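Undergrad: Okay, here's what each chain looks like letter by letter:
2 protein chains.
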Amino acid sequence: MPFWSWGKNKWNPDGKHCYVTGGSVGLGLALATILASRGAHVSIVARGKQRLADAIEVIESHRQRPDQIFRSFSFDLCSAEGAEAALDAVVADHEGLTPDAIFLCAGVATPRFFVESTAKDLIDGMNLGYWTEAWTSWAVTRRMVQQGRQGKIVFIASTLCYMTFVGWSSYSPARHAVRGLADTLRSELQLYNIDVHLFSPNTMLTPGYDEEQKTKPKITLKIEEGDTPLTAEQAAIGLIKGIEANHAHISADFITELFRASTRGSAPGHNFVYDWALDMMAMIGAPIWRSSVDTLIRAHRAEHAEYLQTNGVLSTHGDPGPTVK
Amino acid sequence: MPFWSWGKNKWNPDGKHCYVTGGSVGLGLALATILASRGAHVSIVARGKQRLADAIEVIESHRQRPDQIFRSFSFDLCSAEGAEAALDAVVADHEGLTPDAIFLCAGVATPRFFVESTAKDLIDGMNLGYWTEAWTSWAVTRRMVQQGRQGKIVFIASTLCYMTFVGWSSYSPARHAVRGLADTLRSELQLYNIDVHLFSPNTMLTPGYDEEQKTKPKITLKIEEGDTPLTAEQAAIGLIKGIEANHAHISADFITELFRASTRGSAPGHNFVYDWALDMMAMIGAPIWRSSVDTLIRAHRAEHAEYLQTNGVLSTHGDPGPTVK
Chain A
1 MPFWSWGKNK
11 WNPDGKHCYV
21 TGGSVGLGLA
31 LATILASRGA
41 HVSIVARGKQ
51 RLADAIEVIE
61 SHRQRPDQIF
71 RSFSFDLCSA
81 EGAEAALDAV
91 VADHEGLTPD
101 AIFLCAGVAT
111 PRFFVESTAK
121 DLIDGMNLGY
131 WTEAWTSWAV
141 TRRMVQQGRQ
151 GKIVFIASTL
161 CYMTFVGWSS
171 YSPARHAVRG
181 LADTLRSELQ
191 LYNIDVHLFS
201 PNTMLTPGYD
211 EEQKTKPKIT
221 LKIEEGDTPL
231 TAEQAAIGLI
241 KGIEANHAHI
251 SADFITELFR
261 ASTRGSAPGH
271 NFVYDWALDM
281 MAMIGAPIWR
291 SSVDTLIRAH
301 RAEHAEYLQT
311 NGVLSTHGDP
321 GPTVK
Chain B
1 MPFWSWGKNK
11 WNPDGKHCYV
21 TGGSVGLGLA
31 LATILASRGA
41 HVSIVARGKQ
51 RLADAIEVIE
61 SHRQRPDQIF
71 RSFSFDLCSA
81 EGAEAALDAV
91 VADHEGLTPD
101 AIFLCAGVAT
111 PRFFVESTAK
121 DLIDGMNLGY
131 WTEAWTSWAV
141 TRRMVQQGRQ
151 GKIVFIASTL
161 CYMTFVGWSS
171 YSPARHAVRG
181 LADTLRSELQ
191 LYNIDVHLFS
201 PNTMLTPGYD
211 EEQKTKPKIT
221 LKIEEGDTPL
231 TAEQAAIGLI
241 KGIEANHAHI
251 SADFITELFR
261 ASTRGSAPGH
271 NFVYDWALDM
281 MAMIGAPIWR
291 SSVDTLIRAH
301 RAEHAEYLQT
311 NGVLSTHGDP
321 GPTVK
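Going line by line, the protein sequences match chains A and B. With the first letter of the first sequence counted as 1, position 250 gets the number 250 in this note's numbering; the numbers rise by one all the way through. With the first letter of the second sequence counted as 1, position 46 gets the number 46 in this note's numbering; the numbers rise by one all the way through.
Wrong hints could be hidden among the right ones.
One copy or any two copies: either way a pair holds, since identical chains are not told apart in the list.
[Claimed, not checked] In silico DSBU-like pairs for lysine-lysine, Cα to Cα no more than 35 Å straight-line:
| hint | residue 1 | residue 2 |
| --- | --- | --- |
| 1 | K216 | K120 |
| 2 | K120 | K49 |
| 3 | K120 | K152 |
| 4 | K16 | K152 |
| 5 | K10 | K214 |
| 6 | K10 | K120 |
| 7 | K16 | K49 |
| 8 | K214 | K49 |
| 9 | K120 | K218 |
| 10 | K152 | K222 |
| 11 | K120 | K222 |
| 12 | K120 | K16 |
| 13 | K16 | K214 |
| 14 | K10 | K222 |
| 15 | K10 | K218 |
| 16 | K214 | K241 |
| 17 | K152 | K218 |
By construction, these hints were calculated from the structure, which means they are not laboratory data. Small disclaimer: the values here were computed from a predicted structure and weren't measured.
Sequences and hints are given; from them, build the entire structure.
TA: Right, here's the structure in full:
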């Protein structure tokens with residue numbers, strides 16, 4: 001957004017229908033709560049029914065007006081059919097009209113070494129990290145265009161859509177794919193006046209984070225030990241600020257901001273001078289960071305070999321395929 | 001590679017076993033031919049048997065020594081099982097040992113508008129643009145580690161792994177995913193001394209290119225009309241030069257080189273000064289390019305609405321899902 005339009009036409013959720021996938025926990029719930037407290041109608045979709053019920057109670061406690069509509073629905077969003085069915089349910093209380101804003105928060109990471117990942121691990125990674133977002137965006141775009149409605153589609157990726165390292169082979173490809181889709185649609189959906197944003201949070205203190213710590217390789221934990229995680233609320237506030245500023249790519253922490261500014265691709269940046277300064281910092285800093293991480297990884301070889309041995313990773317785990325004769 | 005090691009330990013395919021997926025046409029065949037002419041044993045895998053037979057004839061005509069082993073195998077590499085079965089066949093004539101270098105050239109693009117893409121189009125895009133490479137890299141990495149063998153895995157993406165625009169919603173996500181996987185494995189496979197490269201060709205004059213022109217939206221054709229395609233041979237030569245220079249990310253044309261240098265993520269760059277100069281050019285040039293393309297796209301709205309109308313895209317095509325009541 002150029003400086004002369006600061007403060008003009010700031011996006012305002014008041015009275016809008018916001019659809020939040022993965023809205024029952026973590027970032028999705030934090031976002032749904034903020035949107036409710038700012039006067040939006042909120043629909044959330046997730047799988048677990050108890051979590052959805054708990055989430056709706058939290059959202060209700062932020063109600064501003066009696067006419068706000070809060071709904072929750074249990075669907076699996078990993079398939080085109082699931083995404084369509086969820087959308088049918090979500091629009092039912094809104095005269096069949098597509099939501100004004102869609103926040104694609106569903107997503108799960110399961111970090112592991114590549115050689116201990118089964119075929120299912122890799123497929124799950126793509127389903128939970130990419131397809132949940134792709135199918136809902138696909139279903140909703142088509143209907144928005146059919147109905148001639150404008151709207152906003154917000155993809156949620158991760159710092160790992162800009163960069164990646166050891167341990168993330170099932171997750172980073174999915175997050176990179178989300179970035180590829182978001183950037184394509186930012187370009188393409190200009191044909192229909194549909195806005196597309198990409199939000200990339202760094203580590204967040206959510207139930208999903210607790211889960212991913214369980215399978216995370218030691219070397220990955222070590223590389224990440226300097227991270228200062230955000231709360232889901234902090235991330236959600238950063239996301240909404242980015243939308244208000246009409247940024248194509250949004251982040252809520254300085255590390256991701258460095259990678260965003262220095263990993264532009266063809267997406268619009270923020271402020272030229274600001275982005276240039278960050279880019280120069282990253283140009284010096286990123287190779288230093290990478291070198292130090294590469295050194296850590298290479299120093300980890302012996303311990304890793306022992307890990308593979310002790311856990312019988314190469315002989316028994318998962319789906320090793322036929323052994324070599 | 002730092003300047004003091006120029007010319008040292010340059011990768012040499014002579015006597016090595018090179019496995020080329022998608023090796024029967026286009027870049028894969030051009031690469032297989034060059035590798036054969038430089039003394040490598042070459043195994044190619046693709047689906048079409050006639051094309052494989054034709055390709056082996058071409059490769060044979062570049063034989064340098066009688067003991068070079070050239071083999072072709074017909075497999076579908078879109079599944080973990082297919083990739084494992086292909087690898088079994090490929091290693092059979094090499095004492096079961098994993099190849100010294102794997103070139104992942106299989107890949108097909110089918111550009112289309114997002115709203116006219118069926119669920120199958122999007123799934124095929126990910127299968128043909130990502131999983132063909134992911135499964136083979138997964139199968140081969142595991143065996144390399146089991147056998148304690150070093151090697152080289154070369155992923156092939158596209159300029160569209162760095163940037164993207166209208167028309168590429170089924171392809172760019174897959175190519176971004178390949179970049180995410182390649183960058184993760186460049187980091188992770190240091191644990192086993194396995195080298196990972198990513199090659200990103202721009203438009204190439206191949207049978208695949210002729211296919212993609214058929215479904216490519218008019219606006220996408222217009223945006224690409226200034227492109228100067230490479231031949232598959234030119235691209236293959238660029239790829240091999242990049243491997244000899246030990247570059248993590250390799251491109252064979254100036255436009256991709258601009259996006260590579262300005263879209264670094266956490267992958268190693270080339271030469272600091274050279275990359276910095278390109279980055280500064282891209283910092284000025286990329287927003288200008290993007291603005292001009294965005295202007296083109298917005299000016300295309302009326303014609304596009306007519307296209308959707310005339311072709312009944314939103315009412316009849318593909319798998320529109322339930323209509324809104």
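Undergrad: Take the hints in turn and mark each one as holding or not.
TA: Structure-based check of each hint:
no., hint, result
1, K216 with K120, "both (17 Å within a copy, 33 Å between copies)"
2, K120 with K49, "both (25 Å within a copy, 30 Å between copies)"
3, K120 with K152, "both (33 Å within a copy, 25 Å between copies)"
4, K16 with K152, "within (11 Å within a copy, 52 Å between copies)"
5, K10 with K214, "neither (41 Å within a copy, 42 Å between copies)"
6, K10 with K120, "neither (43 Å within a copy, 38 Å between copies)"
7, K16 with K49, "within (25 Å within a copy, 56 Å between copies)"
8, K214 with K49, "within (24 Å within a copy, 46 Å between copies)"
9, K120 with K218, "within (22 Å within a copy, 39 Å between copies)"
10, K152 with K222, "between (38 Å within a copy, 27 Å between copies)"
11, K120 with K222, "within (26 Å within a copy, 41 Å between copies)"
12, K120 with K16, "between (39 Å within a copy, 32 Å between copies)"
13, K16 with K214, "neither (38 Å within a copy, 41 Å between copies)"
14, K10 with K222, "between (41 Å within a copy, 34 Å between copies)"
15, K10 with K218, "between (44 Å within a copy, 34 Å between copies)"
16, K214 with K241, "within (32 Å within a copy, 42 Å between copies)"
17, K152 with K218, "between (39 Å within a copy, 25 Å between copies)"
Of the numbered hints stated above, those contradicted by the structure are hints 5, 6, 13, listed in ascending order.
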